[in-house]
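For the sequence shown, our numbering assigns the number 266 to the initial residue and increments by one for each residue that follows.
You may find that some hints are simply not true.
Only pairs whose alpha carbons sit at most 27 Å apart, straight line, appear in this in silico DSSO-like list of lysine-lysine [as the list claims (entries may be wrong)]: (1) K872 x K825; (2) K999 x K1038; (3) K825 x K999; (4) K515 x K281; (5) K436 x K515; (6) K316 x K436; (7) K491 x K732; (8) K643 x K681; (9) K682 x K782; (10) K541 x K572; (11) K1019 x K1038; (12) K643 x K659; (13) K504 x K276; (14) K504 x K419; (15) K419 x K1022; (16) K643 x K560; (17) K659 x K641.
Simulated restraints, written as ranges between beta carbons of each label pair [stated by the list, open to error]: (18) T1055 x D817: 35 to 43 Å; (19) Q484 x K529: 21 to 29 Å; (20) P1120 x T1055: 20 to 28 Å; (21) H581 x D647: 47 to 55 Å; (22) Q484 x E1115: 53 to 61 Å; (23) Q333 x R994: 38 to 46 Å.
What the hints contain is simulated information worked out from the structure, not anything from laboratory work. It should be emphasised that the depicted structure is a prediction, and the values quoted were computed from it without experimental measurement. The beta carbon of each residue, even a glycine, is placed where N, CA and C say it ideally should be.
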Amino acid sequence: MSTETEARELKVLNIKRSNIKGRLTKFKNFIDNLKTLESISDVELTELAMKLSRIEALFIEFEELQNQIEFLNISNQEIELTTRDIFEQDFDHYISLAQNIIKTYSTSKSANCEIHSSSSNHSNNSCQHSDNYETLGFKLPIIKIPSFDGTYFKWLEFKETFSSLVHENSKIKNIHKFHYLNSYLEGEAARVISNLEVSDQNYSQAWQLLCERFDNKRQLINNHLKSLFNFEYVRETDKSLRFITDHITKNLRALSTLGLPTDKWDVLIIYVITAKLDSATSFKWEEHRNSLCDKPTLSDFFTFLRKRADILEIVHRNKQEKQNKIKYTNSTAPYNKMQTKSFVVTSKYAVSNSNKTFECAHCKGNHRLYECYSFKAKSPEDRNSIVASLKLCKNCLRSGHVADNCKLPGSCRSCKKRHNSLLHIIKECENSSNSVPPDQSVVMSVLSSTEVLLCTAKVLVSNPITKKSITVRALLDCGSQSSFITESVQQILNLTPQPSNVNILGIGNAQVNLNTKRCILRLQSNNSSFNVTMSCLVLPIISSNLPKISFDYKDINLPKLELADPSFNEPSPIDMLIGADLFWDLIGSEQRRLGDQTKTPNLRSSKLGWLVAGPLPNLPKNSITNNLSICNFCLKDDNFPNNLSIDQHENYNFEEALSRFSELECFPHNKPLTQEEKLCEQHFLSTTTRLSDGRFCVSLPLRDDRDCLGDSYQLAKKRFLNLEARFKRQPELKKAYSDFIREYAELGHLNESKIPKPINSFFLPHHPVIREKSESTKLRVVFDASARSTSGLSVNDLQMIGPTIQDSLFNILIRFRQYKYILSGDIEKMYRQVSLRESDRDLQLILWRENENDPLRTLRLNTVTYGFSSASFLSTRCIWQLGEECDDDKTKNTIQQDFTVTICLQALIPSRSFVTFSVLCQMSQQKVVFI
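Turn these sequences into a full structure, and let the hints steer you where they fit.
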């Protein structure tokens, strides 16, 4: 698998598929037991019919799971397709047996009824009653009505089947129709009518609610079009060709039912499919197409694919038989083994064996050498020594040949020579007295007789796209304007580098003359929920091992704290440098000195844990390695020219500084909206409504379907249990926290969810933030919308952030300082004054209980929640909209120009304008509950 997330997802899908197979096995055992009986009673026949209706709906669930597994498990595609065939054969066989049993006994029973009807009136009445009972009791359970869970793909099939067999059946009472309807609904579909009491009068309303919710032609068309055009590349196998034929046909029929002219799409559909065919099949199709007299139709294309699938099936069968024969011959003739050849496939897309493993020549792990983290962590000199000692090719890092004979194309990305980029050695040039040295390292070394610890931390960095993550050792340096990572980290995370015109300057204007690259990654603290997306420059190496010596940290009286780097006392490589662009956001305010002496290390709190830095006392002189002092001062210059003299550098710095000063003094300009910001604005205009009390009701601007969210319940539960443990130690915190939740509920901003774990929901972990110096709110509960679910995505990852609507703070402050009289006001609980659409509230669930012995309750937040990516846009956009709806220009300008988030800052000329403004605010209050 490409990532750990995909491996976990595949494991969950396999477990679900095993459960389905287990249910089919139970059904098979039940059928086998019935076959051994001499006669089957009415109860057993009814039970068989009920089981049959449920097991038929099971196949749709299996097909969806199998499609997802085949998509994730591409390396074992043949095995998965075989598994599909075996399940379908068993399913068809036992479904046919069950239907045959029901048909046989139903026919026999009808014949008995006819015999009894000719003998007596009593028997005739009994038969008539039996026939009515059979109509209401036996026929309905064996009708092939699939279950419906709210998926748009299943709605048309469910609606047509249920309508024709149940809804439009005049012989069935409405109360019975309601019971049958409930039995076939699951998940979100069941929740739509869960509030209705099962009664004869409510059935029509229940069916109408379902149709209003899911009979959405636009949504149905969009889902089928998405499925029609978004499919994987077709492999050169008979099963893959048949699957794509069935897939396209199914979606085209659904779209045709929805009224689209699919009969005129032949050219478009043929083009889309041929673009994803394998090269051999595509070539055969072009040959076949040239032999046709007229323009090919979709029917011609499907006929070609079916014939092609038949040919591939025959070839595959013959090849399999031949391989089995050769295998048998090899097992009986040992001398044939001497003629076996081995073909090594180097392409990452070619897999000759699903169980193929690779052994690292360095650490003997299950990976290639260029993927070895231990190998990458070493210096380029050490890597060259390892490759030479193992007698490996310096270009591809494999054995059996030298670089001159290597057939793998490519060269070093740094010097363009014939060796692997991991083996590139950065050469240092001597300093010159009249020019800036072009190739000096960022790390400057000077003589020193003491050892000083620098701030280091272990952090989790990940690829924002693939979600692949590793733990790296970072150096915190406020003397650097940029943050850096090593090339090995960039290659392990498979980060996509972008060229960057940035020059790196160190002590004494020493310049690193490298082709700099920039990557975007996500940093996560190991000791807190802090995470941030940041931009880093890429260097071959950042620093030598830190610290320079190894020592016992017990000698410095280190207290038991959560350290940012638990192994700060052991020399280790530096994988990352965090510069001043993030440094001050990480550093806390608390500081401790380890000892009474001045030359002792300090402890400093941070969001990454406690940092240890400062001089080490009482170290023997011979323990100081090479008398080196590490200084990582780095200055970035985006437009700094190369090869300038010292005087030219000084003039350039002055002119550049003057130019930047003038840029800072310029009046800020409004930036045009990006495409995503435009979509966010359109979403607000099309979905926002006003409630009866004047409040705005908005919906979350999602950029992706909520189906991609995994399970978030377990993480939220774990965080809440940790919070309860904290409540035991701090009873006053528990009281304040409970009061906050209670007030939240009393204001109607949350309510308890009727379903503990709704489908496609998200549970928000929450924790307290205490501000002792605050006069109004000392405790604030923070909801963590960036916590990741099991799929690797959080609810914030799904949202569009939206544009900045309000005026810039610069403009507001300039106007605020113009006149003598000023006005300042704040909107209390601003975000929570905006209501959230009912369907989006399941993405704002929290866990809570007053007492530890009570069961956990699921609470839904009903308003815009701080901590959400789109919260600022939604709330400020509502204020802006209030200004748009005002008839008075003064009020409109005040609302749209003098608000910075929740605070209004206004300067007025005459004092009587305050009275006017107060009246206008009262007028606005009649329209919206905000101020």
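Going straight from one Cα to the other, do K541 and K572 come out at no more than 27 Å?
Holds: K541 and K572 sit about 18 Å apart, inside 27 Å.
Assess, step by step, whether the Cα of K999 is no farther than 27 Å from the Cα of K1038, and give holds or violated.
holds, 19 Å
Under the criterion that the straight-line Cα-Cα distance not exceed 27 Å, is the pair K682, K782 satisfied?
Distance ~19 Å between K682 and K782 Cα, so the pair holds.
Between the beta carbons of H581 and D647, is the distance compatible with 47 to 55 Å?
Given a distance of about 49 Å, which is inside 47 to 55 Å, the answer is holds.
Sort out whether K515 lies within 27 Å of K436, counting only the CA atoms.
violated, 33 Å
Restraint status (C-alpha distance of K1019 to K1038 at most 27 Å)
violated, 39 Å
Does K436 lie within 27 Å of K316 when you go C-alpha to C-alpha?
Satisfied, since the Cα-Cα distance of roughly 24 Å is no more than 27 Å.
What's the verdict on K515 and K281, does the C-alpha distance respect the 27 Å limit or exceed it?
holds, 25 Å
Between the alpha carbons of K643 and K560, is the straight-line distance 27 Å or under?
Violated, at about 62 Å.
If you check the beta carbons of Q333 and R994, does the distance land in 38 to 46 Å?
This hint holds: roughly 45 Å between Cβ atoms.
27 Å Cα cutoff - pair K872, K825
holds, 17 Å
Straight-line alpha-carbon gap K643 to K681, limit 27 Å:
Cα-Cα ~22 Å, so holds.
The structure fails hints 5, 11, 16 and 22 (numbered hints given earlier, in ascending order).
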